[in-house]
Structure formats: structure tokens, C-alpha cells
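Participant: Each chain, written out:
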Amino acid sequence: MVQLRPRASRAPASAEAMVDEGQPASEEEEAEHGLLLGQPSSGAAAEPLEEDEEGDDEFDDEAPEELTFASAQAEAREEERRVRETVRRDKTLLKEKRKRREELFIEQKKRKLLPDTILEKLTTASQTNIKKSPGKAKEVNLQKKNEDCEKGNDSKKVKVQKVQSVSQNKSYLAVRLKDQDLRDSRQQAAQAFIHNSLYGPGTNRTTVNKFLSLANKRLPVKRAAVQFLNNAWGIQKKQNAKRFKRRWMVRKMKTKK
Amino acid sequence: MGEFKVHRVRFFNYVPSGIRCVAYNNQSNRLAVSRTDGTVEIYNLSANYFQEKFFPGHESRATEALCWAEGQRLFSAGLNGEIMEYDLQALNIKYAMDAFGGPIWSMAASPSGSQLLVGCEDGSVKLFQITPDKIQFERNFDRQKSRILSLSWHPSGTHIAAGSIDYISVFDVKSGSAVHKMIVDRQYMGASKRKCIVWGVAFLSDGTVISVDSAGKVQFWDSATGTLVKSHLIANADVQSIAVADQEDSFVVGTAEGTVFHFQLVPVTSNSNEKQWVRTKPFQHHTHDVRTVAHSPTALISGGTDTHLVIRPLMEKVEVKNYDAALRKITFPHRCLISCSKKRQLLLFQFAHHLELWRLGSTVATGKNGDTLPLSKNADHLLHLKTKGPENIICSCISPCGSWIAYSTVSRFFLYRLNYEHDNISLKRVSKMPAFLRCALQILFSEDSTKLFVASNQGALHIVQLSGGSFKHLHAFQPQSGTVEAMCLLAVSPDGHWLAASGTSAGVHVYDVKQLKLHCTVPAYNFPVTAMAIAPNTNNLVIAHSDQQVFEYSIPDKQYTDWSRTVQKQGFHHLWLQRDTPITHISFHPKRPMHILLHDAYMFCIIDKSLPLPNDKTLLYNPFPPTNESDVVRRRTAHAFKISKIYKPLLFMDLLDERTLVAVERPLDDIIAQLPPPIKKKKFGT
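These protein sequences, in sequence, are chains V and A. Read in order, the letters of the first sequence correspond to residues 3 to 259 in this note's numbering. Read in order, the letters of the second sequence correspond to residues 10 to 695 in this note's numbering.
Hints may be right or wrong, so weigh each one.
Stated by the list, open to error - Calculated pairs, BS3-like style, for lysine-lysine (alpha carbon to alpha carbon, straight line, at most 30 Å):
#	chain 1	residue 1	chain 2	residue 2
1	V	Lys-259	A	Lys-386
2	V	Lys-212	A	Lys-689
3	A	Lys-441	A	Lys-523
4	V	Lys-219	A	Lys-657
5	A	Lys-689	V	Lys-224
6	V	Lys-112	V	Lys-101
7	A	Lys-692	V	Lys-219
8	A	Lys-690	V	Lys-219
9	V	Lys-180	A	Lys-397
10	A	Lys-290	A	Lys-338
11	A	Lys-692	V	Lys-224
12	A	Lys-386	A	Lys-437
13	A	Lys-397	A	Lys-437
14	A	Lys-657	V	Lys-212
15	A	Lys-202	V	Lys-212
16	V	Lys-247	A	Lys-386
17	V	Lys-123	V	Lys-180
18	V	Lys-240	A	Lys-386
19	V	Lys-224	A	Lys-690
Don't read these hints as lab results, they were simulated from the structure. Small disclaimer: the values here were computed from a predicted structure and weren't measured.
Sequences are here, hints too, so could you generate the full structure?
Facilitator: Structure (C-alpha cells):
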């Protein structure tokens, strides 16, 4: 098939031109270090001429613009430089953002940990222990293990270790909060198990009222249920009514006088 | 006797907590009972089933297992993962040791009493060695897949049966490995989606393992081969507990429907040697789940969610068929939870975690004997005082003038000052109470509200002087050297001169408060004291014991009174001695020195010392003699014990002034109405 020269309006031509420009630009980007000009210069250089020709077709018969090869080349180089600059700027911006974030996290973490003084004391305390009693290697190991475990080992295996009190007056005792939460949650799970197995779905339970009223139903003269009245019904309403009555009585007394 | 207006109080919303575990100690014939709020009570079964000691509960303690080890040591384990040992002399907890296996579901002491086995949530069975002062972890057995809910030792101590969810494992103690794993059917002759929870196991000496589970089955397994021998379906709901007698010829199981079944080993025919287990007797004494049973040599003991402790002596084991062989149901507390301020007509109710202060209502109407008078002013709920912290309140008291309230928990002692302006009251706490006052077993104010007497669990008796808004520690009476006697009951004379304190075994000590020294000691009696009071002018100390004996001791003369000697010589009426519940409160009439007012849960009695004593042939429960009877008849039938059963069940009864009584009742239906839901029973026609 013979490909006719596309008779185009401005818009598609410009889109085509942009697309075409983009492609050589990316090619050039990829082969940044290589020679740029030796390459599809024909493509780069040829484009604008085509464009002009197409533009010419539409408008009156003007002489085609004379674009030298050098100017076109310079333009292309400008374009690619601009693109490179923008990419570099973006990269640096991202880097800075990431740096700032890291610093913020480090600060927050520092705030969470104990102040340095106490940590120093802890480490010195463990060291003095080592010096004082070489026989108590187990204790020291356990303490060290405790410190290591702050990084998050399996807490099941590690026993609840109470870190030794470090200050002279022994006014506090440091206990791992993680273990306490674990213990509470296990106790709750155990209680939930018992509750489910005794009172959960599948068990055949009934209310105390119904249970005690069974006998009443089988008497020769049937009687009402044991808790026939629901005294908890409408408590607020009854209270309001009582208050209103009191106020009404007082008002009545006043008007009578 | 006189005419009295009686305030019938039913607004004390007392609900005891359900019984979770029971452990029977054969050597001392004592029963340890633990409740769902963590309280552990010790009942002395030979002292007329009286509760002689108790350890207050704690919110985080959910006891799941209780057992006695050798040397009268009591251990308990619960869902907080700790094993606790109780000190029975000092009435506190010796120590709590974490077992590191998560919540503990079951515990069993070895037959020799020197080792303790614990079954945990993570499926591990841990062995502890019992040392003279502590317990020490020995080793772990093979870890199983699901939680170990029940444990039992073989009588020789070589094997262990552990019941879990859907299976039972048999372990060898020496190696710690599981020898057999027996799978339990989820339903008797069928399939079911609900897992089968093995609530109890028992290991017999011939190698049979008895298991009870949530499908309602009792199954017999052979542990040598690991196979099922026999299966009984006895209930539609869970069977939750099992206890075997020492001779292994009978055992008892408790179901969730409230029924307790007795199984016995009977010969197949009358002269054959072959025996088989047969379900012999059902007992329906409970309405709710029976979560624990125990088997003493002569009785079956059961307790459950309906808060009753039921002791059923077995007729074939009881030697003498007298009233001792009757059913005993312990429902109401054996100590007084209510204190009364007579001047301001206030009642202080003690609950587990709070106190309530009520003012009694008043009436202006009058009527005849037996009338109900309408209230002109209703009873007023003045104060609801919550305790800080998770511990239960041990004891509390309000001063007779109504301006001081004191209560004690295990770790602290609280003293509050109340101010009354018109109808409002304001409360102010006295801070910085000394530490030695904590864990008080009994608190009492003197009649003029200037002194506070505190009996601590260390055995010491403290006297604190109160004035204005502050206090000052006056004196502490130390216990006799060598014994740490926990003082349980206190009584003070109205003139403030004498203070009586009863320990658990040494007899009642009487102290002189003015001179701050020991005055005399009432001779020890082998049954514990249940109530004590000192009469106003005569200063006679009246003591009631758990075997329903009442003594009167004259403090100034340091000897028993003549009336008391006469009563002891003649003996009490047999119906008086056969009463179930102990006397919990004694009081006196200010104008009539010959009257003593006492009450227990089902009756109240006014003893008139001027009238003759009844002998066994006379009618003890005399109704009011009608006025148209002749004087002669009345004089012949009148005797000293005027008993009335109009108000029952009574928690407290006291004389407010000369013409008014207050009776605090707690109908059983009101307690049952607040219990958890029971198992549904289908009856034909409903």
C-alpha cells in the first residue's frame, strides 16, 4: 500500500511532533554518555522539516522555513538538558524528603526510650555484677538476654525478668510491660474459654426466672412466674412521674394558701 | 418479754459468690472451699461444720484448683498462672509462685504429699517438689496440644492421667513421656461438632481411669492398654466433677444440672468375687452447676454455682444414726456482715468491694401484735463507699454514735469520719493510717466511740484513741509468746472497761482497757467461738460456741456465773443442740439484765434467766401463749428460751432501743434470682 502523505490539522501534527520529540529525547537520555549527534540525527533533524511541510500544506503557499541543521541540533540539546535538569531536581528533592523523615523517626524513637542516664546506669550495673560475682554467670546471662530481647524475641520462651533496681534508694523496680499485657490477655482468653464452654452457644441454658417458674406451671392451680413483675421497666419514666407529682403537690399547696 | 416494734429490713442485697473448688483433708477433718471471687474458707467438719478461717479474695485471682499436701499445707492455683500457698496460722498468703505456663487449670498433690503436679493452658504438665518452706520446679512432662483441664495421680505415684479437650493422656512419671493417648467420643453413640471437654479424671489403683466430660458421660478406661472399658451416659449436660473415696469402692460425680450421682463398686451377684461399678444414688440438692465434689470417708460434699455447700453423710457409713447423719446445707455466712449504730438508727452493710450505709425508716402508727405498720419515712440509702484496689474487704464497723466508719483490706486500713448536717452527710478520710493495722480480722468501736479496737492477723490487738478528726495509737496487746494466734472475735463492755478477744484455740482472753493489761482467760473449749458479747451492768461475758453451747462468765469475779453452771449441769434441750446454723450475734436489753437476745439464721431467741430451764421433755418452740389460757398453764409451760421463727432467714438482729428491734432478712429466692443461668429442664406439660 502506498502511504499517502497524511493530510493533517494542527492538533494531530503537534501531538505527533511531541510524541516524536519525546522518543528521541528518551533515546538520548538512555545513551547519555554516547554521542548524541551521530545518531538518529536524521530523525531529529528530519522532524521539524516534515512539520513545516505539513504546516505548509494547510496554509497558503509559503516558502518553507529554512532551518539550519545546527539550530535544530541546538534546540534538541536544550530540550534534553532541560529534561535532565528536572529529573535531577526531582531526585534531590526526594532524597531530602527521605532524610528529613529519617531524622524525625530517630527523634521520636529517642523520646520513647529511657533517658540516657538510666541506660548508662543499667549497663554499668550489669558490669559491676560481673565484677562482683563471677559465680553468678546465669543471672548476668539472663539480664543480658533481657536486654537483647528488647529487640523482640519470642516472649514465650523468655521468663519475666525483673531488672535490678539501679538507684541507691531502691525506689522503683522495672518490669517489662509486654509480659504483663501478655499475661492479662491469656487470662482473658482462658476466662472466655470457660464462659463459652459453660454458657456459650450450644449449651442448653435458661433464665433463673423460667427455671423457678416450671413448678408453678404444673400446679393444679397454675400460678404466675416467680418474677412476674419486671421492676426494671421504665425506671426513668417512674422517676419523672414522681418528681412531677411532688412539684404539682407543692404548687397546689401554694395556690390553696 | 415486752412489746417491740420490729424494723424488717430486706434491702441488704447480699449475694454470696459461687463455689469453685473444694478440698477435703482427712487427717484434720477440714474442708477448704474456694469461691469464684478468690475467697478461700476453711470449714471444720468436726466442729459442727463451722467456718473457722477464711482468706479474703482478690479480683484478679480466679482459683481453678485447690489441694492439700502433706503437713496440712494448702495450695491453690488459678487463671493468673500462679501457685499460692496459704499460711493457716497467720491467715495470710505465704507466697505466690508463677508457673510460667500461662493460666493453670488443674493441680494435684501426689499420694505421698511431697510433689505437686500442675496442668497449664499451653498443654504442659509441670512437676514441682514441695520443700519445707517453698515449692521448687522440678521438670516438665511432654507437652500436649491443648490445655490440660484435669489431673490425677495413680495411688502408687508412678503414672498420671491428664484430661484435655477431646482426649486423655496417661504419662509415666519417671520418664515424663506420654504412654497412652485415649480419644474421647464427642457424644455418646454419635457425632457432634462441639468439642468434648474432659472436666475430671480419676486414677484407681487397678489401672482404671475414670473420666467425666462435657457430653454427660462417665467412662472407664484401662490405662495398661489405653482402651475404653465402659461408658455411662448419665446426664444431658456436662458432668463437671469427680471425687473418689480413699478405699476406692465408691465415687461421686456432679453434673451441670445440679444432680450428684453416687457410684459404688458392688459384687455382680451376692456371693461372687467379681465386682462392677453401678450408679446407685442420685441427689438433687442444687439448682445450678455442681462444679466440685469431694468424698470424705462418711459423707459426700458438693458445691457449685448456686453458692450452697451441701454435705450429705452416707447412711451406710455413719455409725450412729442420730441428727449428725442429716443433710447439711451451708448457705448463709457464719460471721456478721452488718454493723449497727443505735443512736442514729444506721446500718452498715459489708459487701465484697463496697460498703453501704442505710438509715432506717420510721413510722408513727401503732398497732396490735402482728400488725404491719405503714412507713411514714422510707429507709434512706445514705452512702455507697467503694473500696480502692482489687482486694476484698475483710471486716468493717460503724461506731455507735455513727460518726466513724472503719474497714480493712489485706493491704490497707481505712478510717472515715462522717459529719451530719440536717439530712446530708459528708465523708472525710483519715489519712496516714499506720501499717500495722492492715489485714485486720475484726474491728470494734467502744460504746462512747472514743476508742477503736483492731484485731490484726499477726495476733496483736491494737487500741487506737479517736478524737476529733484524728487518731492516736494507745497500746498493742501482743500475743502470748510462741503462738501466732489470729484473733477472730472481739467484744467490749459498754462501760469501756473490759475487752474480750477470742483466738482460735487458746480460750477467750479478757483485757483491762483502763490499766492496759490482761485480766483473765476463760478456759479453753474445744469448739470455736461463734459470737461474744459483754452485758451492760453486770459485765458478764456471754459466749456462744459452734456446738450451740452458751456460756456466761463473770469478768469481775473471774468465774462462770451460777446460771451458767446450772445450764451446764442440766444441759441444753436436744432441739437447741440440733440447730444447723451458728449463733452470730448476741445483744442485751438495757433495762432488763436478765434477758439475753441471740439469733442464728433461722430463729431468734430471748433467754430469760429468771425463768426455769426446759428439760428434754418440754416443748422448746413455744408459740405465744394466748391470753385466755389460765395462769397456771402458762407458768407450767413457760421456760427460759423464748424462740421466735417469724423472721427468717435472719442475717442480723439487734435491739435498737428498749422498744425497737431491727431484723435484717435475706430471703433465699432473692439470692437465687441473681445467680447465673442454669441448665434448661424440660418437664412434660410445660
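Participant: Need the list of violated hint numbers for this structure, in ascending order.
Facilitator: none
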